[in-house]
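Can you build the whole structure from these sequences, using the hints too?
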Amino acid sequence: MSNLDHGKFTRVTTLFHSLLGLDVFLLFFTGYAIMFNDELWWMLTLMGGASGVTAIHRITGIGLVALVVFWITLQVISSTGRSNFAKILPAKDDVDAFIQDIQFVLGRVDERHPSARQFAGYKADEVPLLSYIGKGVVFIFSIELTLLAISGLLIWSKTGLAAMFQTKAAAMAFVTFHGLLGVIMLMGVMFHIFEHGMHPAFYPVETKAFIPRSMVPEHHGDDDEEPDTTGIERLSLSPSWRTVSTVFGAMTVIGIVSVLIGSIFDEGYPVPREIAIGGGPSSILLTVGINLGMVVLGVGLVLSMYGNVLRIRWEQQLEQEREPTTAADGGEPQTDGGQPESDDTEN
Amino acid sequence: MSTGNEVMHDGVMSTGEDARIFPDVEACIDCGGCVVSCKRTWDVPRDEQRISIATMLEGQEAASGLNASSGRAMEQSESPGETAVPMQCYHCSNAPCVSVCPTDSLISKENGFVRVRDDLCIGCQYCLSACPFGAPQFPDEDEGVANLVGSGGNMDKCTMCEERQDVGKGPACAEECATDAILVGTPEQISDELDNRDSGTFFNDVAMDIIFGEDASEFQ
Ligand code: SF4
Ligand code: SF4
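Protein chains in written order, with my numbering: chain A, 1003 to 1349; chain B, 1164 to 1383.
Quick caveat, the hints were computed from the structure, so don't treat them as lab data. Even glycine gets a Cβ: it sits at the ideal position worked out from N, Cα and C. Any given hint might turn out to be false.
[Unchecked claim] Rough simulated footprint, nothing fancy, chain B against chain A, three-plus residues with beta-carbon under 8 Å: (1) 1031-1044; (2) 1052-1059; (3) 1171-1184.
[Unchecked claim] In silico DSSO-like pairs for lysine-lysine, Cα to Cα no more than 30 Å straight-line: (4) Lys1170/A - Lys1202/B; (5) Lys1272/B - Lys1202/B; (6) Lys1272/B - Lys1170/A; (7) Lys1272/B - Lys1332/B.
[Unchecked claim] Away from chain B, derived, C-beta distances all over 12 Å, residues of chain A: (8) Arg1084; (9) Ile1145; (10) Glu1317.
Below you can see the structure in the form of structure tokens.
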């Protein structure tokens, strides 16, 4: 297998990724319109003002809970789910790769650990399909989403929460926690969008999360022979990549920094005023920065839709190619060992 | 009763900018006059109130010698016995509600009033969690979108009768309190008045810091 790092996910996973993305984007847009209502006043207005925004936030919140429950159930009841879960559990190799990567960055070792060498033109027998970074993303996002859902449900009714814990401090702690987690998650998502949208080989969107594994041929080429290379040398860098990725990278960094600063300075919430360094009104720079951050999210949303468009095109193309011949190329992949669609993991 | 003072009631010592509102729990007889006057003045709906009288330790006697001095009892960490505390928005200097409101719907105005801007409130009820005095109310909880998505509706609370104070009148509750249990004035005036009456402050240091900020030292 060529391992150009696409086609790792099953059809259910790719669908789930899109639905989750859509839901989380809606939660971000509404949550941030509430939190940075000064800077994102236009967003608040677009989404039906103060009460409209909370309504959408709460409804999509329920959507998130439903998706999370569905996913956990699927992992538990399906054998594919269980084996996939086993595959993303951190192993010794991941720890080694992580340590070696730190040494690599510090200049202490000459090369990266094989388990960290994704995207670098290696074949599947040389490097694993999932690096520790991929596993980390899955775990970090899963934990964050679960905690966001739980804390969100808990603060849904302040009277309910206060009755449960008998203290206002507990209620405020959950509010603060939910807000801070939202900020951290947003930074992660922005980076996720940059990482997978601006990858030099797959720019403008890495399709592996949209095109299911079952539809991706095992390798590129006409014959059934296992090729010598991954085919990465046949890819050419898109002429606009350098400019676009620089601009987008700058926007991502400015967005992340602004959201972070904004959440500290923006009158207390989610960082309570007692902890806040400054407090007081937000500046024009912050407004621009936070809006840039939202643009990054917007691009993420568009890319996510574009990914789905690519999948539909891909499906049509496969359909057409299948018609005249029944050649193996482009057909259903032959799975070895009778374990179809087992690499149900995310990167 | 009046000592040449233009102001109508003894409890109201000055109005407008920097005026604060604070209870003298020793004087409160739990008659409900303030509740009625507030409702009548602002047409507060039947099941709502912007000021309420919290009765603590109902039917209990205070530690010996302190029965008529709840404030002193609290200062000495003794049981104050049955005490009626008029609870409303005290328009805190360090208002925690303003600090947590995610939409800046709650603002501390220059003149010291804490105001809710209805059009910005999303009914998240964070202020309810933050306010130590139970001031925020949510009368529209079961209406429209609020009912559908389970948010709180617009927040409502005591305004300290800003409009009345603008024309030199005291807050309705303070004006109508038969025993002058609700004091209105600068922190200094309130503290002097409490001293004259030999009443304590009843609230603990944390609460006093929230309500009066730096001026809390007036009450030492
Ligand atoms: S914290 Fe409570 S009492 Fe203080 S200003 Fe806010 S609502 Fe009023
Ligand atoms: S309920 Fe309204 S006033 Fe209270 S914190 Fe939420 S938005 Fe602010």
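Tested hints:
Taking a C-beta to C-beta cut-off of 8 Å, the stretch 1031-1044 of chain A contributes 4 residues in contact with chain B, enough for the three needed, and the coverage statement holds. With 6 residues having a Cβ less than 8 Å from any Cβ of chain B, the stretch 1052-1059 of chain A passes the three-residue criterion, so the hint holds. Counting residues of the stretch 1171-1184 of chain A whose beta carbon lies closer than 8 Å to any beta carbon of chain B gives 4, which meets the minimum of three for the stated coverage. Annotation: proposed proximity of Lys1170/A to Lys1202/B holds, straight-line Cα distance about 28 Å (limit 30 Å).
Between Lys1272/B and Lys1202/B the alpha-carbon distance is near 24 Å, which keeps this suggested pair within the 30 Å criterion. With a CA separation close to 25 Å, the supplied pair Lys1272/B and Lys1170/A stays within the 30 Å bound. Taken as a hint, the Lys1272/B and Lys1332/B pair is honoured in the structure, with Cα atoms around 19 Å apart against an allowance of 30 Å. Here Arg1084/A stays apart from chain B, with its beta-carbon at least about 36 Å from theirs, past the 12 Å limit.
The Cβ of Ile1145/A sits about 24 Å from the closest Cβ of chain B, beyond the 12 Å cut-off, so the non-interface label holds. Chain B leaves Glu1317/A outside its interface by the beta-carbon criterion, the shortest separation being 38 Å against a cut-off of 12 Å.
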